[in-house]
Structures are given as structure tokens and as C-alpha cells.
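A.B. asks: So you can see what is in the structure, the chains are spelled out below.
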Amino acid sequence: MEILVCIKRVPDTSENEIAVNRDGTDIERDDLVYSVNEWDNYAVEEAIQIRDKVGGSVTVITVGDEEDEEVVRREMAMGADNGLLLSDDAFKGSDGRGTAAILKAAVEKGGYDLILTGAQADDGAGQVGGMLAAMLDWPYASLVNFIDIVDDKKIKVGREIAGGNQEMSEIDLPCVLSIQTGINEPRYVGIRGIRKVASIEIPVHNAGDLGITADTVGASGARTKRLDYFVPEPGEGAEILEGSTDEIIDKLIELLKAKGGIK
Amino acid sequence: MAQQIFAYIIHRNGVIDDTALELISAGRKLNPDGSVTAVVAGDGANLDTVCKDIASSFHEVWKIDNEALAYISAEVLRPMLTRILPKESIVLIPHEHFGMDLAPGLSIKLDSVYLPDVFGFKGIEDGKLKAVREEYLGQVSTHVLCDISKGAVITVRPGSFKADESKGTDGNIIDKTAEALKGGLPGGARRFLEIVEAEVGDVDITKSDVLVSVGRGIEDEENLEIIFDLAKAMGADVSCSRPIVDAKWLEKSRQVGTSGKTVKPKVYLALGISGAFQHLGGIKGAPFIIAVNKNPKAPIFQAADVGVVTDILDFVPELTDRINEVKG
Numbered sequence: 001m002e003i004l005v006c007i008k009r010v011p012d013t014s015e016n017e018i019a020v021n022r023d024g025t026d027i028e029r030d031d032l033v034y035s036v037n038e039w040d041n042y043a044v045e046e047a048i049q050i051r052d053k054v055g056g057s058v059t060v061i062t063v064g065d066e067e068d069e070e071v072v073r074r075e076m077a078m079g080a081d082n083g084l085l086l087s088d089d090a091f092k093g094s095d096g097r098g099t100a101a102i103l104k105a106a107v108e109k110g111g112y113d114l115i116l117t118g119a120q121a122d123d124g125a126g127q128v129g130g131m132l133a134a135m136l137d138w139p140y141a142s143l144v145n146f147i148d149i150v151d152d153k154k155i156k157v158g159r160e161i162a163g164g165n166q167e168m169s170e171i172d173l174p175c176v177l178s179i180q181t182g183i184n185e186p187r188y189v190g191i192r193g194i195r196k197v198a199s200i201e202i203p204v205h206n207a208g209d210l211g212i213t214a215d216t217v218g219a220s221g222a223r224t225k226r227l228d229y230f231v232p233e234p235g236e237g238a239e240i241l242e243g244s245t246d247e248i249i250d251k252l253i254e255l256l257k258a259k260g261g262i263k
Numbered sequence: 264m265a266q267q268i269f270a271y272i273i274h275r276n277g278v279i280d281d282t283a284l285e286l287i288s289a290g291r292k293l294n295p296d297g298s299v300t301a302v303v304a305g306d307g308a309n310l311d312t313v314c315k316d317i318a319s320s321f322h323e324v325w326k327i328d329n330e331a332l333a334y335i336s337a338e339v340l341r342p343m344l345t346r347i348l349p350k351e352s353i354v355l356i357p358h359e360h361f362g363m364d365l366a367p368g369l370s371i372k373l374d375s376v377y378l379p380d381v382f383g384f385k386g387i388e389d390g391k392l393k394a395v396r397e398e399y400l401g402q403v404s405t406h407v408l409c410d411i412s413k414g415a416v417i418t419v420r421p422g423s424f425k426a427d428e429s430k431g432t433d434g435n436i437i438d439k440t441a442e443a444l445k446g447g448l449p450g451g452a453r454r455f456l457e458i459v460e461a462e463v464g465d466v467d468i469t470k471s472d473v474l475v476s477v478g479r480g481i482e483d484e485e486n487l488e489i490i491f492d493l494a495k496a497m498g499a500d501v502s503c504s505r506p507i508v509d510a511k512w513l514e515k516s517r518q519v520g521t522s523g524k525t526v527k528p529k530v531y532l533a534l535g536i537s538g539a540f541q542h543l544g545g546i547k548g549a550p551f552i553i554a555v556n557k558n559p560k561a562p563i564f565q566a567a568d569v570g571v572v573t574d575i576l577d578f579v580p581e582l583t584d585r586i587n588e589v590k591g
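First to last, the protein sequences are chains A and B. For the first sequence, my numbering assigns the number 1 to the initial residue and increments by one for each residue that follows. For the second sequence, my numbering assigns the number 264 to the initial residue and increments by one for each residue that follows.
These are calculated hints, taken from the structure and not from any lab test. For glycine and all other residues, C-beta sits at the position ideal for the given N, C-alpha and C. There's no promise every hint is true.
Quick look at which bits of chain B chain A covers, simulated, 3 or more residues with Cβ under 8 Å [stated by the list, open to error]:
hint	segment
1	359 to 372
2	377 to 390
3	408 to 414
4	421 to 433
5	480 to 492
6	497 to 509
7	516 to 530
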């Protein structure tokens, strides 16, 4: 099975407090720790497990620039066979639709049976997988937390729905799936693994290679535009307990008792 | 605004989802003078019940009635909606697991703008809508501007608009089934099989009065011990947020949130939980919420009654010791 996994390099929210810069045009990017989007990492792990079971190859792909190559390399260290970087000045500032259009052009140059994306990334939109599927006219399932390969024509997938329940379906290949966290346990990537792939050349495709007209993607093609970043005016919010740890604990125990929190 | 606004109505087993009436308010925010048309799909008697109910809130209800919609797959519904919705429509869809399955592809098929997970509208100027959404798991918000004059698909965060309970309307129900089926029954490439119900765990957190809930701030599986010790001292049950279940440190039946359990405790102690809206969506019944988190900007502090800004790994063992002392 030929599997393509779409990944994104993002500021790591478990490593950083995200703050807004002074004029609100961006987040504060100094000293940010970046990593591969958490959902994408589960998607790559799933792809590797499928390949190990039924054969084929895993290709990881991202839209970005030289900086983004590091996440492609990291996922190759994890076990992906190939990496692809789609990079062009014309791609900068793409919205979700633009990103999906760029990926679609790359998909049409390959012969993939299955495309995986993360269910969402740093912007919380969860849009690229569904858009890509619609552009390709391939079937789609989102929030997938279970995959079983039935044969080379169809697979069985589980979608995470409300209340911890799971919606099982059969879906024909080729298809696009967005992967939910928790579907597997992504393997650890050590320094040695990273070193092994450090010198592998990762092919770069630009707008011309992909046959993309510049003004359909990037900032000029974007239909949505982020105006600013801001931190909402705090509402009443929580009463923050201050003082020494002892004082805080005294107050907390008093509150817990009053509210029936200690039996 | 000349464009028609549609609200996609989610219902399950004949019961209309809370989001239905919230979309009326959202639509009115987009066009105070206009009305919102409900779109509802389903099968037979269940659908009739839903339509009748919805018609008391919406002036116009479009229904699609087909046995293939007894359990609705987004893959079946999306082409149907593409057939019946006028170009340039504004389509409001709840941002939950079904809406997320349906909406991105629908925006492509309708060739309209897509705005995901919106929770506020700041007005329209020259056909351009300014909407509010969040990024980085709720740590920062953004204003997004887009031209909706050629249509838009907008997923609306559940609970972000007040439900319009006014009722009293006797809406017109219009059957759009024939139009939706023109060209045949779509979506055959994805076939629904069954729902696998969540496993029942050893603790039913939906029945707990006091919950000690743990999140990513616990850092390591071994550290969970301090959470169970505290819960034991308080006489509480242990629940958790999603990352703990993803890491397989606790069973799914202990997860609070829209994709986990909905809980209704009296007291909810959130330890090292950032407070993403999906997590908060699983806490009902207005409990007294205490949050402990080392990040003062964590969204959980907006939802909590009382907060402590500190590292749970240091704080929790001390709290446990003192509770045990007090209890003697």
C-alpha cells in the first residue's frame, strides 16, 4: 500500500506558553520550541504500522520552507520511507484551501492508495484533509481512531464520536483519513535515528513542478485572512489564591469542605 | 445581506441537539433582519417528529427524508446538500464530530469560504465578515476576515451562542428529498457498519460527586500515584483529560470531554489541565471548579471558580498530606 502522510511543523504547545507579540500581528516567536504537529505524529505511526503489516511505502509531505524540512526528516527517522517538501514563495500565506490545493497537485503526481492527515493542527481548523478529499473526489473520514486493512480495495475505519463511542465504517481506496490522537502509541525517535537520516536528500517541488498557478494559492489566493492575534479580555475568571503554599492549602481545604469536596 | 442563511440541524434518536437553537442566534448575529432556514435530514417518523419540533423555532424547514439517512454519514449528506443549497448560501453547522466530517468538503463542493470553529461574529462590512476563533488550543484568539458574498460554510462552536428558546413559530416544512436525490443516492464509497459503544470502566465518573481530574501537567505515568492518593484522601474519583487517555495511562472511561464522558459533579478539581473547550464541554451542572496549573494563561482559569498557579507535582502531595492531617 502506498501511503502519503501530510504533516506540519508547529510551535509545540506542551513546551511553550503561546503569547501575542506587541502589535498583535503574530505570536511571540522568539525562543519557541517547534515540533511535528502531535496529530500528524500519530498519523505517521499508523502509516508505518500499516506498511509493516501489508507492505508498500510511507511518504511524508509538508508545505513550507527549509525550516520545515526538519519535521520531514524526523518522521523519516521514525520509519517513513520517503520525504517530500513542497516549497515556493508563492505558497506563503496559504489558507487551508490553498494548502489543500498544493497537496492535491502533489497527490496527482504520485500513485497513492491512502492519504492520512492529522485531525487538526496549531490553528485548530481541522480542514485540510476534508478539503483535499473533496478536491480529489475521494471518500473521506475524519477523527479516525481505528484502521484495519481489509484488502487492497477497502479498509475498515473507526471514527471517534461523542461519549467515547466509535462509528465503524468500510471505506473504499483510495481515500483520505484524518487521524485522531490515541489511535496508537507513536514510537520514540532517538538521536541515532535522526543521525541516520541526516544526510538524505529530501526532494523539493515548487509551484512550477506541480503545475500550480501562483495566484490560486498563497496570500493572494487566500479567501480567509487572519487580521490579528489577541488574548481575550479575561472575564471574571477564577479567584487566584495567593500567599505561601501553606496559606493556599488552608484556604483550599476550607473551600473544599464548604463545597462538599472532602468526604 | 441578501443571502439565505441555513442552519444544519443535528438530531439523534428523535432528539434535537442543543446546537440547533444556538444556530438561530448565530444566524441573527449575521443578519438581524433575516431569518434562518433549518436543514434537517433523516428517515421516516423520527424525522417527522424532529421537523415538527424544529418548525416551532424556524420559519422555514427544509427536510431530506430517505432510509439511507437513518444513520447519517457525511459522505451521503454532503452531495445531497450540494444539490439543494443555492450557490452563495451561508451555511451554519455545529463544530462537533459530525460537522467536522461534513463541512470542509462541503465548502469545496459549494466553492465557498470555510470558517471553522467560530465562536463570535464581529459584523459584516462590504460583504466581508469578521469572525472570532482560537488557535493553539485556546491559548490565543484571532479575528479572521473573509468575503462571504459568494457564500460561506461556517462551523459554530457548540455553546458559544445563546439558544433562542422563543419558539411560537409555525414554520413551513419543505420537502427537498427529490432534489437531493437527483442523480442518485451518493456516498457509496463509505458504508456505515455499526456503533461500538464505549467500554464501561471500573469507575462510573458520570455518577461521581467529587472528581479529581488530571491532565498533561502530570508529565509521567508514574506520577499518577499522587493523584490517586489525593482522590483517596478526599473520597473522590479520578477522571482525566484526553492526553492521559491517548498516552494509555488511564482508561477511556475516565476521560471527561465531548469525545469522552459528560460529568455532573458538585466539585471538580482540575489538575494540570489546560481546559480546551472539548474538555470543558464535558463538564455540566455548574460544579465548583478548582484549577491548579503552572501556566497562568491556561484557559481553565477562565472556567474555574478558584485557581492556584503552581506545578501540580509539588503542590498535590502537600495538599494530600494536609487533608490527611485535617481528617486525622
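A.B. asks: Please name the hints from earlier in the document that this structure breaks, with their numbers sorted from lowest to highest.
C.D. replies: 4 and 5
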